[in-house]
Amino acid sequence: MEEKNNQKLTKKENAAQVIKFAIFSVSAGIIQTLSFTLVNELTTWKYTPCYLIALTLSVVWNFTLNREFTFKSANNVPVAMVKVALFYCIFTPLSTWWGAALTKAGWNEYIVLFGTMAVNLTTEFLYDRFFVFRGTMNTNKRAMKGK
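One point on numbering: in this note's numbering, the residue at position 55 of the sequence shown is 344, and numbering is uninterrupted.
In short, the hints are calculated from the structure, not lab data. Keep in mind the model is a prediction, meaning the values are calculated, not measured. Glycine included, every Cβ here is placed at the ideal spot set by N, Cα and C. Take the hints with a grain of salt, since some may be wrong.
What the hints assert, rightly or not - Label-pair distances were calculated between CB atoms; the ranges are:
no. : residue 1 : residue 2 : range
1   : 394       : 420       : 19 to 27 angstroms
2   : 304       : 408       : 30 to 38 angstroms
3   : 331       : 383       : 34 to 42 angstroms
4   : 297       : 370       : 39 to 47 angstroms
5   : 330       : 365       : 35 to 43 angstroms
Said to hold, decoys possible - List of simulated lysine-lysine pairs, DSSO-like, C-alpha gap at most 27 angstroms:
no. : residue 1 : residue 2
6   : 372       : 309
7   : 301       : 430
8   : 430       : 309
9   : 301       : 434
10  : 372       : 430
11  : 297       : 430
12  : 434       : 297
13  : 335       : 430
14  : 393       : 335
15  : 297       : 309
16  : 393       : 297
17  : 300       : 393
18  : 434       : 309
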């Protein structure tokens with residue numbers, strides 16, 4: 290059973306979470322952009338497989354960093370990963386659909402990619418903060434050292 294921690298975060302702690310999440314998301318975005326560029330430029334594949342490979346790499350990176358450093362959660366990793374996977378069961382088909390539709394309509398692949406990444410950053414932060422890590426924030430060893 291997960292240990293629940295129902296503490297209220299201060300404004301400073303909430304701001305720190307947003308900043309850390311944004312920084313780690315930017316690093317995930319770099320991974321996504323580089324991997325998308327590599328696959329897109331070195332193959333003749335359409336947008337969808339390039340996007341899906343890049344998205345998968347960035348999600349694994351982002352989850353790992355944010356769980357440990359942003360939310361400092363000691364919750365059950367497989368349970369948290371399943372919750373994140375559920376988010377992507379909705380986000381991925383929708384973002385793949387609008388990405389394919391927009392690129393087919395003539396939009397530049399990179400504009401679509403960066404717009405999708407901005408939507409992902411915002412929605413995933415809210416989902417992680419209020420669903421995935423709710424009640425388990427500041428429960429890992431790193432958080433306990435600071436107390």
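Checking against the hints above, which ones are violated?
1, 2, 3, 4, 13, 16, 17
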